[in-house]
Amino acid sequence: MKYSYFPGCNLKTNAKEYEHTAVEVSKILDAELVEMPVFNCCGTVHSMASDNTMRRIAPVRILSRSEEHQKELEDTNNTVVTLCSMCSSTLKVVNEEVKEDEEMLQKINWQLERDNLKYSGHSEVKHYLEILRDEVGFEEIVKKVKKQLKGMKVASYYGCMLLHPDKAKIDDSETPTVMETLTLALGAEVVDWPYFKTCCGSYHVVDKEDIVNNQILKITEGAKKRGANAIITACPLCAYNLDSQQVFLQKKGIIKETIPIFYFTQLMAIALGIKLENFEDHHVDPKPLLKSLGLI
Amino acid sequence: MSFEYIKIGKEEKEFISKIEDISGQNLYACYQCGKCTAGCSFSNQMDLTVNQVIHRLQLGQKEKVLSAKSPWVCASCLTCTVRCPRDIDVAAIMESVREYILRYEPERIERMKVTGEKAKNLPNIALVGSFRKNTEL
Numbered sequence: 001m002k003y004s005y006f007p008g009c010n011l012k013t014n015a016k017e018y019e020h021t022a023v024e025v026s027k028i029l030d031a032e033l034v035e036m037p038v039f040n041c042c043g044t045v046h047s048m049a050s051d052n053t054m055r056r057i058a059p060v061r062i063l064s065r066s067e068e069h070q071k072e073l074e075d076t077n078n079t080v081v082t083l084c085s086m087c088s089s090t091l092k093v094v095n096e097e098v099k100e101d102e103e104m105l106q107k108i109n110w111q112l113e114r115d116n117l118k119y120s121g122h123s124e125v126k127h128y129l130e131i132l133r134d135e136v137g138f139e140e141i142v143k144k145v146k147k148q149l150k151g152m153k154v155a156s157y158y159g160c161m162l163l164h165p166d167k168a169k170i171d172d173s174e175t176p177t178v179m180e181t182l183t184l185a186l187g188a189e190v191v192d193w194p195y196f197k198t199c200c201g202s203y204h205v206v207d208k209e210d211i212v213n214n215q216i217l218k219i220t221e222g223a224k225k226r227g228a229n230a231i232i233t234a235c236p237l238c239a240y241n242l243d244s245q246q247v248f249l250q251k252k253g254i255i256k257e258t259i260p261i262f263y264f265t266q267l268m269a270i271a272l273g274i275k276l277e278n279f280e281d282h283h284v285d286p287k288p289l290l291k292s293l294g295l296i
Numbered sequence: 001m002s003f004e005y006i007k008i009g010k011e012e013k014e015f016i017s018k019i020e021d022i023s024g025q026n027l028y029a030c031y032q033c034g035k036c037t038a039g040c041s042f043s044n045q046m047d048l049t050v051n052q053v054i055h056r057l058q059l060g061q062k063e064k065v066l067s068a069k070s071p072w073v074c075a076s077c078l079t080c081t082v083r084c085p086r087d088i089d090v091a092a093i094m095e096s097v098r099e100y101i102l103r104y105e106p107e108r109i110e111r112m113k114v115t116g117e118k119a120k121n122l123p124n125i126a127l128v129g130s131f132r133k134n135t136e137l
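Protein chains in written order, with full-length UniProt numbering: chain A, 1 to 296; chain B, 1 to 137.
Hints should not be assumed to be uniformly reliable.
[As the list claims (entries may be wrong)] Okay, derived cross-link-like pairs now, PhoX-like style, lysine-lysine, Cα gap no bigger than 20 Å in a straight line:
1) A:Lys275 x A:Lys252
2) A:Lys144 x A:Lys2
3) A:Lys27 x A:Lys169
4) B:Lys118 x A:Lys208
5) A:Lys27 x A:Lys16
6) A:Lys12 x B:Lys118
7) A:Lys146 x A:Lys208
8) A:Lys275 x A:Lys225
9) A:Lys153 x A:Lys287
10) B:Lys120 x A:Lys16
11) B:Lys69 x B:Lys10
12) A:Lys16 x B:Lys64
13) A:Lys275 x A:Lys144
14) A:Lys208 x B:Lys120
15) B:Lys118 x A:Lys252
16) B:Lys120 x A:Lys12
17) A:Lys16 x A:Lys208
18) A:Lys287 x A:Lys16
19) B:Lys120 x B:Lys69
20) A:Lys224 x A:Lys275
21) A:Lys208 x B:Lys113
22) A:Lys27 x A:Lys208
23) A:Lys118 x A:Lys99
24) A:Lys146 x A:Lys275
25) A:Lys251 x A:Lys153
26) B:Lys10 x A:Lys208
27) A:Lys251 x B:Lys118
28) A:Lys71 x A:Lys107
29) A:Lys252 x A:Lys147
30) A:Lys251 x A:Lys147
[To be verified] Some chain A residues near chain B, calculated using beta-carbon distances under 8 Å:
31) Asn14
32) Ser50
33) Asp51
No lab work stands behind these hints: they were computed from the structure. Just so you know, even glycine gets a beta-carbon here, dropped at the ideal spot from N, CA and C.
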């Protein structure tokens with residue numbers, strides 16, 4: 001099985017290892033992510049203003065380009081797969097909106113005409129976690145595990161955009177289980193904690209760092225207090241905030257110990273026997289933990 | 001104890017309907033239970049709590065809402081939206097206040113001043129997200 005995969009901008013810059021591990025893992029699981037030949041930025045945040053069509057053009061452009069791509073792929077369905085949870089949420093919301101509002105879709109298609117694009121409204125947007133749960137299945141993943149992640153105590157951090165809004169959620173928005181089940185499938189221990197969807201502060205890191213630091217302190221201390229030795233996430237912005245701001249807080253003397261942040265695909269790669277060498281996206285060095293557990 | 005004279009005249013009604021137009025929400029569906037504020041990750045950073053913002057909006061108190069920091073502290077995590085027992089898209093109301101302001105004063109962040117080592121390392125989605133929320137772009 002192959003999927004039309006929309007990377008978004010961050011997977012090519014700050015989160016290269018997320019993309020690399022996801023693509024490698026997808027090949028092993030026979031649910032391959034094939035990158036769209038042409039794509040653009042989705043706009044990151046979906047517009048909640050009811051009268052702003054302009055901000056809905058970019059996501060629809062991506063959906064139409066993916067439809068073209070789906071025609072070229074063999075053994076595929078009408079799915080666009082994303083890894084970044086902000087892309088996932090934005091595309092899903094706009095996809096639902098244009099499905100409900102034919103007039104808006106017509107207006108946007110008129111804008112896409114000059115690029116010879118047209119969106120039919122028949123694609124489905126899915127986050128890769130949904131593919132793993134619904135189409136690959138966790139039993140299949142268990143079968144492919146070569147190295148159990150013994151000793152890893154993992155806190156799953158969903159962030160906001162995997163669970164909000166209702167149009168875009170990939171799981172129950174108050175009691176999600178997909179990342180925890182995946183953690184168990186890989187042989188790691190699940191840490192139960194209350195901060196799995198406490199917002200990290202998101203784009204406030206650009207000009208209101210205090211807000212972000214406040215959140216990061218709450219989230220990381222909360223994970224450590226409950227015995228976690230790693231946090232996993234699916235969002236490049238959550239990962240950046242959790243990772244870089246921990247280093248900042250440590251330099252300021254506000255926290256003593258840091259906790260490494262992983263993308264869920266990195267843990268999958270280790271468990272499925274892919275050798276990981278590149279940790280340059282990380283701010284908190286994860287190597288000491290992985291070495292002490294004999295995982296790299 | 002101080003008292004305030006509350007007036008809901010033409011100007012107030014216009015403001016209310018503009019916010020309702022942008023957000024697509026009915027402000028009077030809110031019965032002030034406070035669940036949005038209770039679940040908000042940023043309540044401790046806000047000068048007006050989320051339900052207070054909505055209350056001021058219901059009364060059409062434009063100055064109080066537009067001068068509040070709260071809409072700019074909101075990071076659109078949408079926890080309030082998914083929890084509202086009246087099915088109000090609370091985050092869209094916060095967005096509509098930001099939009100209302102941005103349509104008159106387009107720049108809340110000076111893009112050209114985001115420079116230096118930190119800016120180089122920032123994820124694209126942080127920059128795009130911030131500029132989309134803080135400018136009319």
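Now for the hints, and whether the structure bears them out:
1. Note on Lys275 of chain A and Lys252 of chain A: the hinted pairing is violated, with a Cα-Cα distance of about 35 Å set against a maximum of 20 Å.
2. Restraint check for Lys144 of chain A and Lys2 of chain A: satisfied, since their Cα atoms lie roughly 18 Å apart, inside the 20 Å limit.
3. Restraint check: the Cα-Cα separation between Lys27 of chain A and Lys169 of chain A comes to about 26 Å, which exceeds 20 Å; the hinted pair is violated.
4. Restraint check for Lys118 of chain B and Lys208 of chain A: the C-alpha separation of about 13 Å stays at or below 20 Å, so the hint holds.
5. Only pairs whose Cα atoms come within 20 Å are accepted, and Lys27 of chain A paired with Lys16 of chain A is accepted, the gap being roughly 17 Å.
6. For the hint pairing Lys12 of chain A with Lys118 of chain B, the CA-to-CA distance comes to about 18 Å; that is within 20 Å, so the pair holds.
7. Taking the CA atoms of Lys146 of chain A and Lys208 of chain A, the gap is about 44 Å. The hint is violated against a cut of 20 Å.
8. Annotation: proposed proximity of Lys275 of chain A to Lys225 of chain A is violated, straight-line Cα distance about 31 Å (limit 20 Å).
9. Proposed proximity of Lys153 of chain A and Lys287 of chain A is supported: the alpha carbons are some 15 Å apart, at most 20 Å.
10. Between Lys120 of chain B and Lys16 of chain A the CA atoms are separated by roughly 16 Å; this keeps the pair inside 20 Å, and the hint holds.
11. A distance of roughly 26 Å separates the Cα atoms of Lys69 of chain B and Lys10 of chain B; the hinted pair therefore is violated under the 20 Å criterion.
12. About 45 Å separates the Cα atoms of Lys16 of chain A and Lys64 of chain B, which puts this hinted pair outside 20 Å; it is violated.
13. With a C-alpha separation of about 15 Å, the suggested pairing of Lys275 of chain A with Lys144 of chain A holds against the 20 Å cut-off.
14. For the given pair, Lys208 of chain A sits about 17 Å from Lys120 of chain B by alpha-carbon distance, which is consistent with the 20 Å threshold.
15. With a CA separation close to 17 Å, the supplied pair Lys118 of chain B and Lys252 of chain A stays within the 20 Å bound.
16. Of the pairs offered as hints, the one joining Lys120 of chain B and Lys12 of chain A holds, with about 14 Å between alpha carbons and a cut-off of 20 Å not exceeded.
17. Distance check on the hinted pair: Lys16 of chain A and Lys208 of chain A sit about 26 Å apart at the alpha-carbon level, beyond 20 Å; violated.
18. At most 20 Å may separate the alpha-carbon atoms for a hinted pair to count; Lys287 of chain A and Lys16 of chain A meet this at roughly 17 Å.
19. Among the hinted pairs, Lys120 of chain B with Lys69 of chain B is inconsistent with the structure: their alpha-carbon atoms are about 28 Å apart, more than 20 Å.
20. A distance of roughly 27 Å separates the Cα atoms of Lys224 of chain A and Lys275 of chain A; the hinted pair therefore is violated under the 20 Å criterion.
21. The suggested pairing of Lys208 of chain A with Lys113 of chain B holds, with an alpha-carbon distance near 14 Å, which does not exceed 20 Å.
22. A threshold of 20 Å between alpha carbons decides the hint, and for Lys27 of chain A with Lys208 of chain A the separation of about 40 Å lies outside it, so the pair is violated.
23. Between the alpha carbons of Lys118 of chain A and Lys99 of chain A the distance comes to roughly 14 Å, so the proposed pair stays at or under 20 Å and holds.
24. The suggested pairing of Lys146 of chain A with Lys275 of chain A holds, with an alpha-carbon distance near 12 Å, which does not exceed 20 Å.
25. Distance check on the hinted pair: Lys251 of chain A and Lys153 of chain A sit about 25 Å apart at the alpha-carbon level, beyond 20 Å; violated.
26. At roughly 37 Å between alpha-carbon atoms, Lys10 of chain B and Lys208 of chain A are farther apart than 20 Å, so this suggested pair is violated.
27. This hinted pair checks out: Lys251 of chain A and Lys118 of chain B have alpha carbons roughly 16 Å apart, not beyond 20 Å.
28. For the given pair, Lys71 of chain A sits about 24 Å from Lys107 of chain A by alpha-carbon distance, which is inconsistent with the 20 Å threshold.
29. Proposed proximity of Lys252 of chain A and Lys147 of chain A is contradicted: the alpha carbons are some 38 Å apart, above 20 Å.
30. Distance check on the hinted pair: Lys251 of chain A and Lys147 of chain A sit about 35 Å apart at the alpha-carbon level, beyond 20 Å; violated.
31. This hint holds: Asn14 of chain A has a C-beta 4 Å from the nearest C-beta of chain B, less than the 8 Å allowed.
32. Given hint, Ser50 of chain A at the interface with chain B, holds; its Cβ is 3 Å from that chain's nearest Cβ, closer than 8 Å.
33. About 6 Å separates the beta-carbon of Asp51 of chain A from the nearest beta-carbon of chain B, less than 8 Å, and the hint is met.
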